[in-house]
Amino acid sequence: MIHFALLISRQGKVRLTKWYTPYPQKQRSKVIKEVSTLILARGPKLCNFVDWQGCRVVYKRYASLYFCMCIDPADNELETLQIIHHFVEILDRYFGNVCELDLIFNFHKAYFILDEILIAGELQESNKKAVLRLVTAQDSLVEAAKEEASSLSKIIAQATK
Amino acid sequence: MSPFSSGTRLRDMIRAIRACKTAAEERAVVRRECAAIRAAISENEQELRHRNMAKLMFIHMLGYPTHFGQMECLKLIAAAGFPEKRVGYLGLMLLLDERQEVLMLVTNSLKQDLNHSNQFIVGLALCALGNICSAEMARDLAPEVERLMLCREVNTKKKAALCSIRIVRKVPDLAENFMAPAASLLKEKHHGVLISAIQLSTELCKASKDALEYLRKNCIECLVRILRDVSNSSYAPEYDVSGISDPFLHIRALKLMRILGQGDADCSEYMNDILAQVATKTESNKNAGNAILYECVQTIMGIEATSGLRVLAINILGRFLSNRDNNIRYVALNMLMRAITVDAQAVQRHRTTILECVKDADASIRKRALELVFLLVNDTNVKPLTKELVDYLNVADPDFKGDLTAKICSIVEKFSQEKLWYLDQMFKVLSLAGSHVKDDVWHALIVVLSNASELQGYSVRSLYTALQAYGEQGSLVRVAVWCIGEYGEMLVNNVGMLEGEELVTVTESDAVDAVEIAFNRYSADVTTRAMCLVALLKLSSRFPSTSERIKQIVGQNKENIVLELQQRSIEFSSIIQRHQSIRSSLLERMPVLDEASYLVKRATTTQATISADKLAPAVTPGGLKLPNGVAKPTASPLADLLDLSSDGASATTAATTTTAPSDFLQDLLGIGGTNSSMAGVPSSASTDILMDLLSIGSSPSQNGLPASDFTHPGPETKPVPVVPEAIDLLGSLPSSTSVSAETKFTPVLPKAIDLLDGLSPSTSISGLENTAHPSITAFQSATLKVTFDFKRQPGNPRETAIHATFTNLTSSTFTDFIFQAAVPKFIQLKLDPASGNTVPASGNGSVTQGLNVTNNQHGQKPLAMRIRMSYKVNGEDRLEQGQVSNFPSGL
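Read top to bottom, the protein sequences are chains W and Z.
Residue numbering for the first sequence follows numbering that gives the first Met the number 0, starting at 0 and increasing by one per position.
Residue numbering for the second sequence follows numbering that gives the first Met the number 0, starting at 0 and increasing by one per position.
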């Protein structure tokens, strides 16, 4: 299973964290610090796996972002790499040529997408289009609710005039 | 609205934070925002709750505390609208974890949402439950989740299945409830549902044996069909990953197959065909294909596969190993490590490639390869493998040297078949990476060295040569210095040359130079320096000609700012200067260290750090004059080595000897009389082990005189006024105490003998008749010959009476002759008085002495003894020593 997913920038800034194994808050920041120093220090041509505290961190760099996932040593590292790529492809399709800024300003969207890909540290959906469909369907639900609210407030505003 | 509530939008806040140039600015912005959010919370503002939660999540991600927002999550979740719920659940998963009690409050909302008519809201609830539920929540909500697994909506089904994984992890007892729904989901067509169902089944198999059996019976066909369908399926754009249809489903199915097939021949047979198909047909030019192959190999290795299939798997691994992609090589090494239990022979075939990987530029690969090599080592290949690794140690980068050194050392220790090889490898490692060698490793080396009497000469010479070239390696310096101190004369005289050994000419002053340089090296730490001082002191007795120089070197440190070194210098100086008469016996070679007990100790005590220093001043001997102060046993690393730790609190302080021998005796008696825990045993590194040999250390309060019959050959023994306490002390020592008489006394101690004489029940050996065993020559040098005759005690095979005969082979008479012997712990030794203390020249008569030996491990361990003869020739001190290992068998 995936214990946690972590997105860090080249400067070591955290862009997304998702914990599937309970780590207390204090330990979380320690983990982030350890893993990011471990990964940021690695050169470009080395393999994408690092042993860390009895687990294995699989990471891949996309532009300025490092996508990291911590898995059990018995899990398939190559598949985890593929899951990371899966996630990145969906992000890319959702945002349309995703960049770090998209993930900063719309971090919650990234979380929503991740929640459609992983639950309990296991893969949920291998179909990229299905994930996108689900996320956009929920987005439009939110939009509809917003519109409803604004039209409602307009009606109220008109009524109270 | 509160004045703090700026009402900035999320986007604006993120911009403001990003615009901050310093951490302080960022903190200020965050503080301001947090204040606004708190204010909004306390005013219970509805409209901004949703936005504030998003802000809090961002702030949380930056690492600031956000616990005050936890309740807001619950409120959002309890709200009716989808947008609120969506943000609320996200906040719940981000800001809380299952340990927080707040989480319990959400159970009811979750239950309602799981029953909601909107599938997306059900999805949100399932997702939150699957990611953070606690055991209590799992129990409460399991029925809902179980029901949702069978609903019609595919998205809900797969989420419910994954959510069940979390539930089963938290409460394994619930596994049986999910068996049937999981099995039914495996019959679906939708890939998302299949993946989820397969993962759930995998988890169920781990959680419960019943589930495993159930799934074996009911699902194996399903599973094989799923895998066959997906691997044979034509191009499907939505699942395609670089030409392979849904690699994720492939991999998950293979993984479950591994679990089902493990230890089940029928299941395994059922899978053989499809596994062979996947293994042969999958393209291996892209990561996705390799991931499948990797999983397939794991499954083949895991199940009861046919040998043909195994060969296929090993071949794939071989291909992986020679792949240029680091990731592929990494997983290959990983897999080989698991395959080694299945087919060690096949893994051995890749040994050379694996060894290459140890030298890879990538630390992850190196580490993996090294671990694999460690598993590959066996008795037949240990030598070439070690050679490779040691060679690589030369060029390995510093970060890796630590790991590599530790592994080499443990390989060498584990697989050494001959001592010489072990020593050679250890010397190489010490030379190349001495600073990475752990303390316990070089301690063990010293124990081995001390037991390998025939290799000591070779060792000291090798270490001396290595020291010249690699003086910067800490552990090498320590071992070398210790050896030079102990076996200095072998270094100079080339004693015990091995075949093919290069001749080195080292003069006495060269040896002293080496130690001096080691001492003065800037990188030397206190322990090393302390060991250097001990070595110098020992050399001063081994090489009388260098005594003056050593005195100077040691003297220079009398004002050293490190107390340990200062104390040693002062004490050692006084030994060199004022106690020449006893120096040689004081500085005799360390008795052989007990290898077996050291190994046991090393295994059990991870870190016994009872420092000798703490123990030393434990008891202040009242009314006792301490002429030279109290010498400490050596530094703690050695103390550990020397068995000190087990001695508990017994103060093993050793009194250095006094100015005049008679004083010394008085001191000794005084010590006994005042009941202090002082042992009249000369101090040096050997002290502790001596204590041990004498079993004094283990008696909690008392270290009396070495309780045995002192050999005193003096004919003019005069009775002395007996100090009653001393007698008491000696008399009360139980006869079972394993006592070996390491007599430490110069012949000017006439009184002690009488004192002790009365205590020795066994008198001199009656004769030589009934010798069941042939006589042996226990020791022979150019000057002295010692023969042992044996007589067994009838009825007690453990006891042997030894009659020692000392013959002088030179033309000058030996005076003040003293024979001393030491034995391992399991042997008890009693020395009878010798027949005289003068050995006539040219073999015209001899001195004899009786020894009674009791071997407590008769039949298991042979007798062993170290002996030492000190005497004077024309007033000059001489010392000879050796180890008797040629005792007839059966003693």
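Treat the hints loosely; a few may be bogus.
[Stated by the list, open to error] Cβ-Cβ distance ranges computed for the label pairs, FRET-style:
hint : chain 1 : residue 1 : chain 2 : residue 2 : range
1    : W       : GLU99     : Z       : LYS437    : 42 to 50 Å
2    : Z       : ARG348    : W       : ASP50     : 21 to 29 Å
3    : W       : TRP51     : Z       : GLU282    : 48 to 56 Å
4    : Z       : LYS386    : W       : ARG9      : 27 to 35 Å
5    : W       : GLN26     : Z       : GLU100    : 14 to 22 Å
Worth flagging that the hints you see were computed from the coordinates, not collected in a lab.
Glycine included, C-beta positions come from ideal geometry on N, C-alpha and C.
To see whether the hints hold, each was checked on the structure:
1. GLU99/W x LYS437/Z: 42 to 50 Å: holds, 45 Å
2. ARG348/Z x ASP50/W: 21 to 29 Å: At 26 Å between Cβs, range holds.
3. TRP51/W x GLU282/Z: 48 to 56 Å: violated, 31 Å
4. LYS386/Z x ARG9/W: 27 to 35 Å: With a Cβ separation near 42 Å, LYS386/Z and ARG9/W fall outside 27 to 35 Å, so the hint is violated.
5. GLN26/W x GLU100/Z: 14 to 22 Å: holds, 18 Å
Going down the numbered hints, you'll see the structure goes against 3, 4, while the others check out.
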